[in-house]
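The lines below spell out each chain.
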Amino acid sequence: MTSNDAHSKRRRRFDRVVSVFHQDMYRYATWLCRDPSIAEEVVQEAMLRAWKSLDALREDSAAKPWLLTIVRRENARYFERKRLETVDIDNLSPAQSAMLAEKDDSQLEVLRQAIFKLEDDYREPLVLQVLMGHSTKEIAELMGMQQGAILTRLHRARIKLKDVVEQEAAQ
Amino acid sequence: MTVSGKNMNCEEYKEAIAADPSATFEGADHAAACDSCAAFTVEMQALDAKIAGALAINTPNLEMPELPPIEDDNVVNMPFQGKRRVPTWLAIAASFALAAIIGVQLIGNEAGDGLSLADEILAHLDHEPGAFRETVNPVGDARFSRVVNAKIGTMDRGVGLITYAQSCVINGKTVPHLVLQGENGPITLLLMPDETIDMAKTFMGQGVNGVIIPHGEGSIAIIGENEQSIGEIEQRVIDSVEWSI
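Same order as they appear, the protein sequences are chains H and F.
By the count of this note's numbering, the first sequence reaches residue 171 at its end, each step adding exactly one.
By the count of this note's numbering, the second sequence reaches residue 245 at its end, each step adding exactly one.
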């Protein structure tokens, strides 16, 4: 097989099992780092890493958690590299503000802000469960934690969000 | 927290259902006999629908990065060696000769600020060799603007075809790392607004040669492959960059 054939074959597999998750990777990265601009960079780097280590993905069916793990690591690398400060909800960039007020729905915006403000430990499993559709067992594997700890975090995250929604409704 | 066990009490049930409102677990039938828990389940499922709506942000038109040929991956771990035409012994000898001629000490850690900065630049290039490839695909405007942002300054893109832009940490500071496609191959640029130097300092690494040029209060590193002349592009690069005050 020529190098061109090998490249084409690799590219076809990449498009089939990786590219289809591009948007999921972006959404996950956006909620991880809470900045759409950074998320784009993180996902670009993650895509490159996925391309280079595609051979490490033995089963195509395992592509999604594999890619989310890459995004997770790339996000950590990004923040390690940049030594960024934590996000200040009162001092958001235009991109962050646009992300929170994406739809003309005040209740949704309030909830989105509440999710935005959740501690990373609570926000990430929630995103993986609700947005990415992972089971608590899969989330535990992806985050390298015990399933019980994930359940506790999910429970606490929802109770926090429930409180916010109730407060909003009472106003 | 347990999610199993048929004899769940209300507290255990609520904890379990709040952890996963879609869950079907042993003990889930608790709600059938408990109005409070049944109402809580409905409430949690409604909240989850709202959470799903809040999380479903729009995605922009995502750009797929340029995917390098697989052969390049082999080069990644041994940067620049695949293209090196000058023998190692000659490169080393040349670096000693150059140091002697221009009076800049380039070997050894005691050689001063210019050296440590040059060392850091070379180490960084080893870390990001994937950037150093020939391509005709320009980096997107949005990405370029994020990297060469208002805190750094401005750069006239008329300087040439820029195919790579990444914010990188050099000497503890975040600086733009750009790759410009020169006439004889890719040239790496590091725009360092906070690295003040008195005079230009040249350096050589494994298969590369570079220069750090003072520019205002900062400096710019220009690095090409060993056989590549970067002198002709220096002024063009300098003229294209303005630091933010």
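Warning: the hint list may mix true and false statements.
[To be verified] Here are some chain F residues the structure puts well away from chain H; computed CB gaps all over 12 Å: (1) Ala33; (2) Asp48; (3) Leu161; (4) Asp198.
[To be verified] Pairs of lysine-lysine, DSSO-like flavour, derived with a Cα cap of 27 Å: (5) H:Lys117 x H:Lys137; (6) F:Lys151 x H:Lys162; (7) H:Lys162 x H:Lys137; (8) H:Lys52 x H:Lys64; (9) H:Lys137 x H:Lys64; (10) F:Lys151 x F:Lys173; (11) H:Lys117 x H:Lys162; (12) F:Lys173 x H:Lys137; (13) H:Lys64 x H:Lys9; (14) H:Lys52 x H:Lys117; (15) F:Lys173 x H:Lys162; (16) H:Lys117 x H:Lys160; (17) F:Lys173 x H:Lys160; (18) F:Lys50 x H:Lys64; (19) H:Lys160 x H:Lys137.
[What the hints assert, rightly or not] Computed footprint of chain H on chain F; a stretch qualifies when at least three of its residues, placed anywhere within it, have a C-beta under 8 Å from a C-beta of chain H: (20) 14-21; (21) 51-64; (22) 237-245.
Rather than coming from a laboratory, the hints here were simulated on the basis of the structure.
Built from N, CA and C at the ideal position, the CB exists for glycine as well.
* Asked: What hints, given by number in increasing order, does this structure fail?
  -> 2, 6, 12, 14, 15, 17 and 22
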